[in-house]
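Student: Read off the chains here:
2 protein chains.
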Amino acid sequence: MREVAVIGIGQTKIDEHWDQSLRDIAGEAVLAAMRDAQRDHADALYIGNMMSSTANRQQHLGAYIADWVGLKQSEAYRIESACSSGAAAFRTGLMAVASGEVESAVVVGVEKMTDSPGSEITAALATAADADWEVDQGVSFVALNALIMRRYMLEYGWKHEDFSQFSINAHANAISNPFARFHDTLTLERYNRGPMIADPINVYDASPIGDGSAAVLLVPSDAIISSGHPKVVVAGSGSATDTIAAHDRSDPIWLKAAERSVKSAYSQAGIGPMEIDLFEYHDAFTIMAALSLEASGFCERGKGPRAALDNEISITGRIPVASMGGLKARGHPVGATGMYQVVEVVQQLRGEAGTNQVADAKYGMTQNIGGSGSNIVTHIFKRA
Amino acid sequence: MREVAVIGIGQTKIDEHWDQSLRDIAGEAVLAAMRDAQRDHADALYIGNMMSSTANRQQHLGAYIADWVGLKQSEAYRIESACSSGAAAFRTGLMAVASGEVESAVVVGVEKMTDSPGSEITAALATAADADWEVDQGVSFVALNALIMRRYMLEYGWKHEDFSQFSINAHANAISNPFARFHDTLTLERYNRGPMIADPINVYDASPIGDGSAAVLLVPSDAIISSGHPKVVVAGSGSATDTIAAHDRSDPIWLKAAERSVKSAYSQAGIGPMEIDLFEYHDAFTIMAALSLEASGFCERGKGPRAALDNEISITGRIPVASMGGLKARGHPVGATGMYQVVEVVQQLRGEAGTNQVADAKYGMTQNIGGSGSNIVTHIFKRA
Chain A
1 MREVAVIGIG QTKIDEHWDQ SLRDIAGEAV LAAMRDAQRD HADALYIGNM MSSTANRQQH
61 LGAYIADWVG LKQSEAYRIE SACSSGAAAF RTGLMAVASG EVESAVVVGV EKMTDSPGSE
121 ITAALATAAD ADWEVDQGVS FVALNALIMR RYMLEYGWKH EDFSQFSINA HANAISNPFA
181 RFHDTLTLER YNRGPMIADP INVYDASPIG DGSAAVLLVP SDAIISSGHP KVVVAGSGSA
241 TDTIAAHDRS DPIWLKAAER SVKSAYSQAG IGPMEIDLFE YHDAFTIMAA LSLEASGFCE
301 RGKGPRAALD NEISITGRIP VASMGGLKAR GHPVGATGMY QVVEVVQQLR GEAGTNQVAD
361 AKYGMTQNIG GSGSNIVTHI FKRA
Chain B
1001 MREVAVIGIG QTKIDEHWDQ SLRDIAGEAV LAAMRDAQRD HADALYIGNM MSSTANRQQH
1061 LGAYIADWVG LKQSEAYRIE SACSSGAAAF RTGLMAVASG EVESAVVVGV EKMTDSPGSE
1121 ITAALATAAD ADWEVDQGVS FVALNALIMR RYMLEYGWKH EDFSQFSINA HANAISNPFA
1181 RFHDTLTLER YNRGPMIADP INVYDASPIG DGSAAVLLVP SDAIISSGHP KVVVAGSGSA
1241 TDTIAAHDRS DPIWLKAAER SVKSAYSQAG IGPMEIDLFE YHDAFTIMAA LSLEASGFCE
1301 RGKGPRAALD NEISITGRIP VASMGGLKAR GHPVGATGMY QVVEVVQQLR GEAGTNQVAD
1361 AKYGMTQNIG GSGSNIVTHI FKRA
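Going down the list, the protein sequences come from chains A and B.
Note that my numbering has the first sequence beginning at 1, numbered continuously upward.
Note that my numbering has the second sequence beginning at 1001, numbered continuously upward.
Possibly wrong hints are sitting among the right ones.
[What the hints assert, rightly or not] Beyond 10 Å from chain A on every Cβ pair, some chain B residues (computed):
1) Arg-1057
2) Leu-1154
3) His-1160
4) Glu-1161
5) Ala-1172
6) Ile-1175
7) Asp-1184
8) Asp-1277
[Claimed, not checked] Just the calculated beta-carbon pair ranges, DEER-fashion:
9) B:Asp-1360 <-> A:Pro-273: 53 to 61 Å
10) B:Leu-1309 <-> A:Gly-138: 54 to 62 Å
11) A:Ser-267 <-> B:Asp-1222: 20 to 28 Å
12) B:Pro-1220 <-> A:Ile-224: 26 to 34 Å
13) A:Ser-226 <-> B:Ala-1384: 38 to 46 Å
14) A:Leu-309 <-> B:Asp-1132: 48 to 56 Å
15) A:Ser-119 <-> B:Ser-1176: 46 to 54 Å
16) A:Ala-384 <-> B:Asn-1311: 53 to 61 Å
Rather than coming from a laboratory, the hints here were simulated on the basis of the structure.
Even for Gly, the Cβ is constructed at its ideal location relative to N, Cα and C.
Make the full structure from the sequences, and use the hints.
Tutor: Here you go:
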């Protein structure tokens, strides 16, 4: 298997883009990645997207976007695994280039959610859960996470306020990221006063949806690269599932799929959690932030909130997370999120993260979660 | 890139399966493929499906199906490229195994269409076309094909009846296929009396939708195989796009994406159309059958109907097509179709096609078309 490098990155601001269609947004990110790489061609285009069939009445995004961005005749198709669609698309691009089947691939994550009424988006998000045994019983996606959080708090004795630092840290990091949805400071007082959505999840435990797209260009790492950016290679990749229904798990407060996917990624990279300089995790809800830190080997079981309370997760901390704002404050356009994570890690490893730069970052990890922990994809990147 | 073998195949009958859910159907095909291969594990599961988000209110089919069939913790996600979703999923599985990222992969195509009203399915199929510039103008998917067929008839002087043999041949071949939707003989008289859907396409030019699933198990071809079936390997693979809107093509009666994808596949296999012993093409409409034969090198431009009229496409003809009934008579559960094609070619190359056996078949080709020719995936298989 040949090594693969990320040689171009592009992203759009996450916002309500009333003036742009799905293809406008995706095109902006793809063309930015091509410009960044100083290339005008790619053999293939892989698209991470969850809900265009309902939110945009458009499927077949492969031909739709390849055509729009001028990648005439390139191979192109869509990959979907709910909120982990972006990382699953990245993994497809990685395997395509690694196999030798293509010599270059653009991977783009895109979601255009804000044209639809909120109730439709809630229904679309619920398709990530089991239609028969979760959704038809009336459980929304945030309610599922609330059940998991409640159980976690009961098991380990954490209070709601103990989760605050995940969100406060994310908002602090988003302020200097021009692509982030939010640019406001979150205080503990404001966190505590947040309107409840599904007890114990209040609005500041949850990430905002939005419209956005992020893209990269992948080539074999021995290809000549002339863009002038430091080279970043994919050092490890892992992908695993768990039961789709949370209630089918013997241990619903442990991300078994994360544990398995990081194990593969660490093994390929030949490193462990100690070597990771930053971690773009999937903080769709504060409970997922805690569970992700634990299953990835950065904290002991049940100790996720401790790492946040002790400020270990800040840019200068032991394990910086959400370095550009994370899902909580950069925003969570679901099928695009996994690709934002990749773009941000590449910014960090290139030393192009501005005031949010993690000093001397060599290894960065991304982890994208689909469903209530049922599909988890982890990648490790390395400054070459 | 290491060579990949298909060591297990499974399929369900295409029908209106009121008594089975999406996962029941997919599970039946996946488990049949595992049994056929005498294996009980796979590292990964790739799913071709187009419309589960609307037809079944269920996305995230990766975790949903992996969980159901007992592939606990396997990597699993969905691939979508409209009606070519099945072949795109196959190509993903091929690249995954070829890259060395996984050692075994199940690929399954599945579609459960008949629980929804016809109008919803028509709307869902239309998401394969350009939402802004085709669908919003009122053009349904069959209407797009009718426009292409009309232009083709005008250009080359063919009459409607000249397309009859594509459908008559397909119905003849389906009779002995227990998995086919139709088991009735189509006569020329009946073809000519078919109710018109979108002039010049009548009901006998069009393939029927249905519920169905087909699956394979892929491993590196040097892996030990103990199932007793002859080994079939993937000899060539190609995938290409064209403009999503038919009206954007300078030559809308030529499948440029097919031409490009077969070129890649032939080149990898080191052969040309003369060596192909059977061709499972995408006869969603008779016009697509003609265009596919031409762009794949089996007929001259404009001569597709001639090959059918001269009986060259029958089991004993020069280039047997739709050997188990094709989309027209086996049926077209859209996201599953590409995988039915693969399963049928493997049946033929193994010598397990019963009364439909193509004598001494060594090379078989599949071609799956998404949209009005905008996404085309071709594979060549070889008896090892």
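Student: None of the hints should be skipped; say for each whether it holds.
Tutor: Now the hints, each set against the structure:
1. Distance check for Arg-1057 of chain B against chain A: the nearest CB is about 5 Å away, which does not clear 10 Å, and the non-interface claim fails.
2. With a closest Cβ-Cβ approach of about 26 Å to chain A, Leu-1154 of chain B is found to remain outside the 10 Å limit, as its non-interface label requires.
3. With a closest Cβ-Cβ approach of about 29 Å to chain A, His-1160 of chain B is found to remain outside the 10 Å limit, as its non-interface label requires.
4. With a minimum CB-CB distance of about 32 Å to chain A, Glu-1161 of chain B clears the 10 Å threshold, and the non-interface call stands.
5. Against the 10 Å criterion, Ala-1172 of chain B stays outside the reach of chain A, whose nearest CB is about 32 Å from its own CB.
6. No beta-carbon of chain A is positioned within 10 Å of the beta-carbon of Ile-1175 of chain B; the least distance is around 33 Å.
7. The Cβ of Asp-1184 of chain B lies farther than 10 Å from every Cβ of chain A, with a closest approach of about 32 Å, so its non-interface assignment holds.
8. Annotated as non-interface, Asp-1277 of chain B keeps its C-beta farther than 10 Å from every C-beta of chain A; the closest such distance is 24 Å.
9. Distance hint for Asp-1360 of chain B and Pro-273 of chain A: a CB-CB separation of about 57 Å, consistent with the stated range 53 to 61 Å.
10. In this structure the supplied range 54 to 62 Å holds for Leu-1309 of chain B paired with Gly-138 of chain A, their Cβ-Cβ distance being about 59 Å.
11. A hinted range of 20 to 28 Å holds for the C-beta pair Ser-267 of chain A and Asp-1222 of chain B, which are about 23 Å apart.
12. For Pro-1220 of chain B paired with Ile-224 of chain A, a C-beta distance near 31 Å keeps the hint of 26 to 34 Å intact.
13. Between Ser-226 of chain A and Ala-1384 of chain B, the C-beta spacing of about 42 Å keeps the proposed range 38 to 46 Å intact.
14. Take Leu-309 of chain A and Asp-1132 of chain B: their Cβ atoms lie about 49 Å apart, and the range 48 to 56 Å holds.
15. Distance hint check: the CB atoms of Ser-119 of chain A and Ser-1176 of chain B are about 50 Å apart, consistent with the given range 46 to 54 Å.
16. At roughly 60 Å, the beta-carbon separation of Ala-384 of chain A and Asn-1311 of chain B lies within the given 53 to 61 Å, and the hint holds.
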